[in-house]
Each structure stands twice: as C-alpha cells, then as structure tokens.
Amino acid sequence: MKSIINKKLTPQGKEIRQKVFVEEQGFQKEYDEIDLTAEHLVLYDGDIPKAVGRMFREDPQKPVYTIGRVAVLKEFRGEGLGRVVVEELEQKAKKEGGTAIKLSAQCRVQKFYEKLNYHAVGDVFYDEFCPHICMTKEL
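The opening position of the sequence shown corresponds to residue 228 in this note's numbering, with each subsequent residue numbered one higher.
A portion of the hints provided could be inaccurate.
Stated by the list, open to error - FRET-style restraints, in silico, Cβ to Cβ:
| no. | residue 1 | residue 2 | range |
| --- | --- | --- | --- |
| 1 | Q252 | C361 | 16 to 22 Å |
| 2 | C361 | R310 | 18 to 24 Å |
| 3 | K338 | G273 | 27 to 33 Å |
| 4 | Q252 | D286 | 26 to 32 Å |
| 5 | V348 | P238 | 32 to 38 Å |
| 6 | E250 | A327 | 29 to 35 Å |
| 7 | E341 | P287 | 26 to 32 Å |
| 8 | Y258 | R310 | 33 to 39 Å |
| 9 | K229 | G349 | 33 to 39 Å |
| 10 | K321 | C361 | 29 to 35 Å |
| 11 | Q252 | T326 | 30 to 36 Å |
I should point out that these hints are in silico values taken from the structure, not numbers from a laboratory. Built from N, CA and C at the ideal position, the CB exists for glycine as well.
Hey, can you work out the whole structure from these sequences and the hints?
Below, the structure written as structure tokens:
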C-alpha cells in the first residue's frame with residue numbers, strides 16, 4: 228500500500244468519493260469549497276486507488292485539524308484501509324504540529340472511530356438526510 232497526499236482533489240480521489248458518497252449513499256452535496264484548500268490522501272494498492280480522505284485546518288492559528296470524506300470503495304472494505312487513511316492523516320497532522328483531530332462521523336461508523344480512540348462530543352445532527360456525530364481525538 229502507498230498513500231499520496233495532494234493539495235488538490237485528484238481524479239482518482241474524486242472518483243472514489245463519487246462512487247461511495249453520491250452513487251452508493253445518495254449524498255447530493257459531496258463537493259464543497261473546503262476541497263480547494265484541504266490536503267487529499269488517496270491510498271493505492273499498486274496502481275489501484277482504493278480509499279480516500281481529506282484533512283484541513285479551519286483556523287490556521289490553532290493546532291486542530293479536521294479529517295473528513297474518508298471513503299473506501301465497496302469491494303475493498305474489511306481490509307483495514309479506512310484505518311490506514313485515518314492514521315496516515317493523523318500522522319501528517321501531528322508532524323505539522325497538530326495536537327488534536329476533529330471530525331463529523333456518520334453515526335453508522337461511530338464505532339469504527341471509537342476503535343481509533345475518537346470520542347463523541349455533542350448531539351447527533353443531520354447532514355442532508357444522514358445522522359452524524361462530532362468526534363475528537365488528542366494526538
């Protein structure tokens with residue numbers, strides 16, 4: 228496995244997000260202005276892109292990073308690739324001086340993030356039609 232982090236959303240990353248969030252899960256607002264400033268990770272097995280995630284800082288004065296848009300293509304789920312994406316983004320944030328990560332998780336994957344030592348904060352909210360929960364982790 229190798230990961231490549233870019234300052235822009237690559238066609239491979241966009242394709243994974245399109246398949247997972249738009250086609251599979253039915254989200255309409257998949258792409259946003261954050262895509263223009265976030266760092267985007269694509270995880271490859273050889274030449275095959277299998278998973279994606281993005282990371283950004285909402286406030287450049289604070290050492291808190293936000294991870295989001297973590298997605299693994301359906302045919303590759305269960306291989307631990309989501310964990311690899313999150314851990315690699317965490318390592319990059321820590322290397323850049325980050326002290327904490329926050330994210331908005333779909334409630335159906337809350338346990339996945341809890342296994343990676345994230346903790347839920349606040350109440351459930353809806354993004355489009357899907358329940359989400361804010362989660363944080365100290366680095």
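task: Starting from the hint list further up, note which numbers the structure goes against and sort them upward.
output: 8, 10
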